[in-house]
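There are 2 protein chains.
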Amino acid sequence: MDYITELTEKGKAAKQAARKLASLSTAQKNQALIAMATALETKQGIIVAANAKDINRAQANGMSKPLMDRLLLNETRIKTMAEGLRQIATLPDPIGEAIAGWLRPNGLAITKMRVPLGVIGIIYEARPNVTVDAAGLCLKAGNAVILRGGSEAIDSNMAIAEIIAEAAYAAGVPAGAIALVETTDRQAVTAMLKLNHYLDVIIPRGGAGLIRTVVENSTVPVIETGTGVCHTFVDATADLSMAQDIAFNAKVSRPGVCNAMETLLVHEAVAEQFLPTMLERYHQAGVVIRGCGQTMKYHSAVTLATDEDWAAEFLDLILAVRVVNSLEAAIEHIATYSTRHSEAIVTGDYEHARRFQQEVDAAAVYVNASTRFTDGFEFGFGAEIGISTQKLHARGPMGLPELTSIKYVINGNGQIRN
Amino acid sequence: MDYITELTEKGKAAKQAARKLASLSTAQKNQALIAMATALETKQGIIVAANAKDINRAQANGMSKPLMDRLLLNETRIKTMAEGLRQIATLPDPIGEAIAGWLRPNGLAITKMRVPLGVIGIIYEARPNVTVDAAGLCLKAGNAVILRGGSEAIDSNMAIAEIIAEAAYAAGVPAGAIALVETTDRQAVTAMLKLNHYLDVIIPRGGAGLIRTVVENSTVPVIETGTGVCHTFVDATADLSMAQDIAFNAKVSRPGVCNAMETLLVHEAVAEQFLPTMLERYHQAGVVIRGCGQTMKYHSAVTLATDEDWAAEFLDLILAVRVVNSLEAAIEHIATYSTRHSEAIVTGDYEHARRFQQEVDAAAVYVNASTRFTDGFEFGFGAEIGISTQKLHARGPMGLPELTSIKYVINGNGQIRN
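One line per chain: the protein sequences are C and B, in this order. Position one of the first sequence corresponds to residue 1 (this note's numbering), numbered consecutively onward. Position one of the second sequence corresponds to residue 1 (this note's numbering), numbered consecutively onward.
Calculated directly from the structure, the hints in this document are not laboratory data. Just so you know, not all the hints are guaranteed correct.
Remember, identical chains collapse to one label, so a pair may be satisfied in a single copy or spanning two.
[What the hints assert, rightly or not] SDA-like mimics (lysine to any residue), calculated; alpha carbons at most 20 Å apart, straight line:
| hint | residue 1 | residue 2 |
| --- | --- | --- |
| 1 | K12 | E359 |
| 2 | K194 | T339 |
| 3 | K12 | I46 |
| 4 | K53 | L72 |
| 5 | K65 | V270 |
| 6 | K12 | Y337 |
| 7 | K112 | N413 |
| 8 | K79 | G209 |
| 9 | K112 | P401 |
| 10 | K15 | E162 |
| 11 | K194 | V215 |
| 12 | K12 | V257 |
| 13 | K53 | V288 |
| 14 | K15 | A329 |
| 15 | K297 | T76 |
| 16 | K15 | A191 |
| 17 | K297 | V270 |
| 18 | K43 | R57 |
| 19 | K15 | E359 |
| 20 | K12 | H283 |
| 21 | K79 | A208 |
| 22 | K12 | R254 |
Please put together the full structure from these sequences, using the hints given.
Shown next, in the form of structure tokens:
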């Protein structure tokens, strides 16, 4: 089957399924999620065997160790995926919520209801657990989903998608609601980005390159996720011990994720007191430091930062450090280089805290806490489909409500308009 | 100045302005709106003179009477535009609203705040009043705006934009917050659609052709507006007198707008009783009727509808009429041909009303009322920037809150993530 036929057929089936999904009860959706979890566990042998094919191919192609680790599935990881589905089943169903309602002077009763988005396209990279996670979240929010994972994980993804879709359909989910694009050719992605007739939204999950490709080529509405050039500003009045813990945590606890700090800004009034110890602590932890001229004075391991470094999302144990002379200079630096993901100030000054939160434009703006908290689970959403860095529709961590739209339901008794 | 330079300069200035606009107080924004209104009135001579140039050019180009009427500005219309701005000043300011807030177990206090979108691009056609209206709404919601009106209205738009921008800046609005693209070349639109670095969203307002061009070519997120293939279904249990008034109002009260009905569906059980009178009433009102085979039996003026007619947005005194044999058939017809704008059922059956509202996928779903009510003012929003027919970000009539985004403001006291 060529990819155009594949996408059209799956798109058509998903759109059909979406209509029925919108009316599925919470109990039915939860039963399906639990059935999907059980199926993953009982059929884990099939998944591990399929995954072995991906791993062998990756090995032959010389894939790096960290990437190979992301690709690997074993009993523990399959159990974690299954637990994720059971967890989604326990979350409140967003569909059917009356967000607002009012009566017009002419007697029309208007209710703003939460409804599913319809059909969601998810384009992602190597990690096969996204297949389960995205399918589960889309289903709980009443959406059909068309999944397009990385070609490296195609065998794992096909096995997983077949198992969970079969279990879901047996539990009453309409056929076509969970589809995986099997064509690994990149042209299939290009075609998916133009599937306006069938897709209501596309969410890319992955590196900056994937996201750029999707944003630049999609005619389907996109929710841009991910890229995080996050800053922490240590103000003149900061509790320096707190600042050290926050700045260390923001960089080192998990450098490969989007909410990790990439640039540390330090007020010049505390630079001499704060930076030597801080830089040494980073150095001990293996962090490569690229600093401004003044930062270089405080540690011999610091090399001179370039303009590219200020704009870089390192996703690694690399940090840019700059000494600034005021709150305004810090805010200005952030406005210039930030991707508007997560920004933090460590300060003891009430007015600086207030101004930083007001003036910095980002999905999450922290006072005296690590940027690493920008996450659906840490925010208490119980789930996360990604972190939006755009301003339209959703911003910051996206949970189930972000996978919904609204509908106005209006009840009258014969009203006509003058 | 070439259009690339123009767009880049205006984009840059708008982005700068947007940062300051986000912190402007409600009082400042309202004062600016009132100053803009006053300026329109005191400088109406300039506007009328500029408009005369557009009108003369239109006449020379043989523009149709209705389009010319849309283009025309006179004292009354300028007064209406000014009143519109004063009305916007009276609306509640959406910015700064705390939509939700909660405390996490680790002590982090999270507040979900309403913030401006940033820079909004509006692309529209002949009507110069959109220039005022869009600028006023964007300003009230704290956004900078880049306006791109139709070339037919360029002289009017330039005069209006200069007058309102000057008045706004004198009242404390940052320079660059209200910009009009002066290049009338179509390439300027194409370039605007790729202005991702400066624009946060583009809202097209106009005909289906304009909207398609924007959706297909924009890499900036778009809010799709407008196209309405709206239906009214007269059920077997409908109060036929009510049904007649609703169906007549939905088609005839203002056929050129997107919430006007384009197709009337009638349950076969009442077709014989309902249609002859109804069709005659339409006929008397000058409505051209294209019907299914059965509909043709009830009035001699009915011609046979084609498949294109079921999908057509006539925006005129033309109506498609089809007899269906069940609620399900009506819902199915709507699912096939609807643009998901506004759909109505006239029924006396509780379960049919419930099912129609549940199963029909549209921005507004009516029971026993005219589709013509889908409108920001009729919904009580006090304003309207357009009617969204997409599901992302906004759906249905868009008021001030739809011109905003959110930001998570998080207060801690040293939290770091494990």
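A quick look at each hint next to the structure:
{"no.": "1", "hint": "K12 with E359", "in the structure": "between (45 Å within a copy, 18 Å between copies)"}
{"no.": "2", "hint": "K194 with T339", "in the structure": "between (26 Å within a copy, 18 Å between copies)"}
{"no.": "3", "hint": "K12 with I46", "in the structure": "neither (29 Å within a copy, 55 Å between copies)"}
{"no.": "4", "hint": "K53 with L72", "in the structure": "within (11 Å within a copy, 70 Å between copies)"}
{"no.": "5", "hint": "K65 with V270", "in the structure": "neither (41 Å within a copy, 71 Å between copies)"}
{"no.": "6", "hint": "K12 with Y337", "in the structure": "between (42 Å within a copy, 15 Å between copies)"}
{"no.": "7", "hint": "K112 with N413", "in the structure": "within (19 Å within a copy, 38 Å between copies)"}
{"no.": "8", "hint": "K79 with G209", "in the structure": "neither (31 Å within a copy, 51 Å between copies)"}
{"no.": "9", "hint": "K112 with P401", "in the structure": "both (14 Å within a copy, 14 Å between copies)"}
{"no.": "10", "hint": "K15 with E162", "in the structure": "within (19 Å within a copy, 47 Å between copies)"}
{"no.": "11", "hint": "K194 with V215", "in the structure": "both (12 Å within a copy, 11 Å between copies)"}
{"no.": "12", "hint": "K12 with V257", "in the structure": "neither (35 Å within a copy, 30 Å between copies)"}
{"no.": "13", "hint": "K53 with V288", "in the structure": "neither (37 Å within a copy, 64 Å between copies)"}
{"no.": "14", "hint": "K15 with A329", "in the structure": "between (50 Å within a copy, 18 Å between copies)"}
{"no.": "15", "hint": "K297 with T76", "in the structure": "neither (48 Å within a copy, 69 Å between copies)"}
{"no.": "16", "hint": "K15 with A191", "in the structure": "within (17 Å within a copy, 33 Å between copies)"}
{"no.": "17", "hint": "K297 with V270", "in the structure": "within (14 Å within a copy, 88 Å between copies)"}
{"no.": "18", "hint": "K43 with R57", "in the structure": "neither (22 Å within a copy, 73 Å between copies)"}
{"no.": "19", "hint": "K15 with E359", "in the structure": "between (42 Å within a copy, 13 Å between copies)"}
{"no.": "20", "hint": "K12 with H283", "in the structure": "neither (55 Å within a copy, 39 Å between copies)"}
{"no.": "21", "hint": "K79 with A208", "in the structure": "neither (30 Å within a copy, 50 Å between copies)"}
{"no.": "22", "hint": "K12 with R254", "in the structure": "neither (41 Å within a copy, 35 Å between copies)"}
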